[in-house]
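Trainee: Everything in the sequence shown is counted per my numbering, starting at 1 for the first residue and increasing by one.
Think of the hints as simulated: they come from the structure by calculation, not from any bench. Computed from a prediction, not measured in an experiment: that's the story for all the values here. For glycine and all other residues, C-beta sits at the position ideal for the given N, C-alpha and C. Fair warning: there could be bad hints in the mix.
Derived CB-CB ranges, DEER-like [what the hints assert, rightly or not]:
id, residue 1, residue 2, range
1, Leu120, Pro85, 16 to 26 Å
2, Lys132, Leu94, 34 to 44 Å
3, Pro111, Gly65, 27 to 37 Å
4, Gly150, Lys98, 12 to 22 Å
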Amino acid sequence: MKKLLLIGLLLISQGAWSQKNTDTEDIKILIEDFFEAFHARDSTALKEFAHPDIKMQSVAIDVKGNTSLSTEEYSGFLKSIASIPKSTKFREELTDFKINTNGMIANASTPYRFFLNDELSHCGVNTFQLMKSKGKWKIIYLVDTRSKLGCK
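Hey, can you work out the whole structure from these sequences and the hints?
Mentor: Spelled out as structure tokens, the structure:
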């Protein structure tokens, strides 16, 4: 009887020590998984991270400092990622995470450097807007900046 009581107490205390991720941790994991799928050219996984009504935009800054805004359909983004030749190497290196949550919405900012065939192509910041639905975070809006200026 004492052994059963001891085993029961150990199981209960183990459950008390295990903790669920916070929203901030869940969002960071989602973004890291997004980029893992991006680098793997896995459009199926990328689709799972986004809400069906996701919006995407980019703000580009040219070498003269002129800015332009472009909008892309997420389905077009998925097709373009899946069509990148295997011979093309690309990597987006995130340099930081700033995540703010407020109930069922959140935003995350991730400065980055983008490498194409091992050469620095450009840098910028990704900004993710997310919503929590049915206990899962989904990307609802993604905007990034792209610049060749000031990249380290």
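Trainee: Does the Cβ-Cβ separation between Lys132 and Leu94 fall within 34 to 44 Å?
Mentor: violated (22 Å)
Trainee: Quick check: does the Cβ-Cβ distance between Leu120 and Pro85 fall within 16 to 26 Å?
Mentor: holds (20 Å)
Trainee: Gly150 and Lys98, beta-carbon distance inside 12 to 22 Å?
Mentor: Check passed, 18 Å falls within 12 to 22 Å.
Trainee: Is the hinted range of 27 to 37 Å satisfied by the C-beta distance from Pro111 to Gly65?
Mentor: At roughly 19 Å between Cβ atoms, Gly65 and Pro111 fall outside 27 to 37 Å, so the hint is violated.
Hint compliance for this structure: hints 2 and 3 are not met, and every other hint is.
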